[in-house]
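Please construct the entire structure, taking both the sequences and the accompanying hints into account.
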Amino acid sequence: MSDLTSPEVYYGFFSAFWSRFFGDSVAMRGVAHADALDLAQQYQNFLEAVGNLSIHTIEPFHKKQWLPIVLRRSSFGTGPDQLKHGSGANFGVQPADTKFREGVTFTYGGLEQRSGLYYVGAPANLQNLGAVITNRLVEPSVMLVRDSGFIFGDGIITFKDDPFENPLIPKREVAGANGNVEEEIVLWAIDGEFDDGRLHEQYGYLFSNRKVSSESYRKVIAAFMALFSDGPTPQMLEAIVATVAGQPVIREVSETVERVTTLGTKQIVITDASTYQVSTSVELRPEVVPGAVLLAGTPLTTVAQAFDYTRTPNWWTTVPAIAAGRDYIFADISPLGFVNTVVPVELEPTLDLLEGTATPARFFLTGKTEDIEKFWSLAREKTAAGAGLGDLLWKDAGLVDGDGAPDFTQELYINPLEFLVKKILGRHLIVIKMKVNLITRSESFLDLLKILKNTIPVWCSLLVIFEVTLEEEFAFQNAGEPTLDATNLVATEDLIAGAPENFTGAADGFWNDVDSEGAPVNKTPEALSDAISPETITTTLDLATPGNNVTAYGGSTAVLEESVHYKLTDACTP
Amino acid sequence: MSDASNLGYVAGINLDTDLFTEAELLEEETKVAQVILDYAPSLKLTRGGTLYDLVVRPRALLNAIATKLNKSLQSTQSLQGVVENPELAVDEVVDAILSNRGIKRRIGSKATGTVRVNVSRNDVYSLHSDLTFVTATGLVFLPQQSYRATVDPQNDTDLTIYATGDQFYFLVPVIAQVTGAASRLIDVTELLPSPTIPNLISSFAFGSFQGGENDETNEELLAREPEALAAKNHVSAVSISSTLKDQFTFVRDVSVQGMNSLGMSRNASNLLSFKMGGYADVYVRTAQAASYGQINKTATLVEIEGTTKATYSLVIDRDDFPGHFFVSKIGPAGSDLVSSYLITSEEKTADLRTDGQIHHVPASKDAVYTRYQKNTVLFEIEFDETLGTNPVDQFPATLAVTAQVAYLPGIKEIQDFLSDPTRGVVLSDYLAKAPVPCFVHLSPIRVHAPSSVKGEDVRLAVFDYINGLPFGSEVRVDEILSVIKAIADVKRVDLPIRITGDIYCPDGVVRTIRDDNALGVPSLPEVGVVPETTAFFVELSDIPIAMIEV
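So the protein sequences, as listed, match chains A and B. Under the numbering used here, think of the first position of the first sequence as 1, with each following residue one higher. Under the numbering used here, think of the first position of the second sequence as 1, with each following residue one higher.
There are no misleading hints in this set.
Dumping the calculated DSS-like pairs for lysine-lysine here, alpha-carbon to alpha-carbon at most 25 Å:
id	chain 1	residue 1	chain 2	residue 2
1	A	450	B	232
2	A	422	A	382
3	A	211	B	71
4	A	423	A	374
5	A	382	B	365
6	A	63	B	68
7	B	68	A	211
8	A	395	A	423
9	A	171	B	44
10	B	454	B	485
11	A	374	A	422
12	A	63	B	71
13	B	104	B	412
14	A	160	A	171
15	B	232	A	453
16	A	374	B	365
17	B	454	B	491
Pulled from the structure, derived: some chain B residues nowhere near chain A, Cβ distances all over 12 Å:
id	residue
18	246
19	500
20	515
Read the hints as simulated data drawn from the structure, not as lab findings. Please read all numbers here as calculations on a predicted model, not as lab measurements. For glycine and all other residues, C-beta sits at the position ideal for the given N, C-alpha and C.
Printed below as a string of structure tokens:
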């Protein structure tokens, strides 16, 4: 079948009169060419419609094979938009080294002026342009090549030279906005990609209100759909958290790693089916080595990981503490920290109950003093004869006398976190661990959490661990006089551990032993020398204030419970 | 060819320039003109010129239309696309798309109720099934079958004639002619029989009508489309919700409270109060509004207080309206329940006789609104001196009564489905629960509108809004205003609108909440009340509307 998108073939369908005898046959050739181009565009549209039938084939953007770029003298080099809050512009004269043109004065209500001289605003939903811009559609005499003749980004097309000064680009006179006559030129860009909202309209709406399309978002939606239909298999969880974090996963059913190498700032993983690249700042998973056979969905990096107790029983050993609040404990208390360190178990006075006696016990927890007391008080209230926490722990540890009764003359030490994970919650926890600073894309993370909550088994709980890199030092400042003074610096380690005895005198002046509501915080040295007090970290670092985020979360590992993940996610979003 | 199958376009009718913008047409024209001029630069191809109009514009026009049609085609591939394109949003297209996801539109139901017919003579009245009762707004109701009204009923199709003063009345069960919530008549709404009934004095709704739900809207379908993707099992919250809605088409909303949900507490009955895995409470809203059913029971005398009154006990067993909300009325057996004995208390406990699965229900409140709920109701009867008998004769040890119970249907069936060993998940302990009900009352809503706007339409819009709120929502005054303002020709709605809610908490306490802006469910997990376990219900009679003609 002839390809009517070829101008010559299309022209051949005209009768001989038009192609051989008609006086303006050249013009007819042009008409045929125009029709052929439109047919090609309609065919492109048709293919996109077919592609929409599957999340795996949908094109995130609508492609226009030819896109006119209309330039007018009056608006060239200004715009395209009114200045927006957060764009980085300064009111008045623009300083150097910004994306705006140095020395230009911005006024209220005016248009932007970028750092380049020759630019034009692109349509708002234009996401990408092809390699060239030409002056004609047929046999162009001017071809501007991307990144040398022009650049596209941030919603504008910037030209290396002034197109109005190029004699090969035809100009015409048109009526300007004020009724004056001005010059207009039309350039042609190939393969303009427009975000027409199709990804959201076709699939994205099922999971999110986010309407901005991208290829990576398409992958996230595909992963969400697989999670819904296949359920939260371990492999699926691994794949989806990696995908949402912007990390590569194995694409084909099975791929064999052939080579792992480094090129500049990228690590390159070459398999028999694909090539993947990741930043050298991230760690490849240990199984990503030449010869390894990796299945579809296997993540290549450790930036985002998912664990469960049955496959990774010791996941907790590298975690300093877990905070358990009302989500995990049915009591009106703020989160209590179960720290990953060995502490003594203290026996409490024996209870005389109707059915017999019981020996309660307690061990070290961090958190608000009143809530710690409430937690242990509640445990005493629920104690049944012979089943006090002391009775249970001593028997479990095998510290019993000849009759099998608890031998309280012997001392008992436990690791509260190990107790929490192994004896209470571990087998019902799905753990997601993310290195926040290395996530390349986080905008879908809240969608993921919402979806995971609804797709994990209802008898399980989701624990999200954020690993964040902290600055080495923090400076306390007076909010009214935000000046940096070296005497106010404290070591991050001391701040996290809550060791004010290591602070300088000036810094200690800023420190206090109450939380944001004025309630005492348990920060005894023996309590915090090895661990984090979640209450301390959430209240003293003031996660809700964006200005604090950069320094607050940037070194060691911090673990916070899921209920504060929203603050963390906001704080850590690049 | 229908509009739907033609993507909404009818040749010669609506294929117009609204399909594309001026800018889109200009872009097409620019491209066509550019190519022709690239071949023949000397051609005079200016806008408005003959050659331009004959060669450039028609091509541009056809391309713009083809592009639009293609875009419409793409929109029909998704429900979101259809909903956003009103010309495509016809039920045929929506249902066709949803068939790919295995979703069926929930079909509405017809309202049912009872019409009280007052007559001047004690006679025998034949009521044929083609008799109609019509409201002033034109809503039509039919007798559920042919009846005979008589003081001496002999069979099931005979209706009893009661005497009241020098008049007589009988009660006719009726059903709406068409589906929809509009037919949920409020108590004492007047209805006219056609043909008329001999000796008729008046006829009106006897109690508010029940049932009567609209077909599922496209927006409601859109909201449950993601669930359709879920694996059909009882593992995750989304799967449970999806499976229940597939299995029980009357299920309108589901809230699953799993391991560490705020509304889950029965999994924390351990020494350290830690919430353990293995449990889920599945709250299901199975109807827009509460249903009211009647049951004949035997009450037991508890005590006689001298010559003043007696207290009786009535047990609503776990199989009598499973998971019911409360007992609203109690009267002598067979009475019309116009009035009620004084109900003094209800005590809901657990009846956990095994039916194949043993559920962990550590406290009575955990069984409330489940099919395992047993309700012991105490009510009082005043001593009637005029009867001339003594208290012992007047208050027998047992008493036949009729009780009216407020409930949501299907709770037992859903529990059976969740517990079915061929479907359930091993080691899982799931309890199906009716939502904790929060019955909403509104202060009078003053609506300024021309006479063409009916108060019933306003009331129905508010009814649909409140009873359609999903778990976790608030009743918002601004939303109430929005749904009223969406009715054509409504000019103004006066503020304030005070919203009051009575939450029938599982601990037996009715807690009242009020707000003038947004009524939200408080977080009281210790009594099983959090937004995710509680649903708002409103009766038409609790939406007072005052229409002010403008």
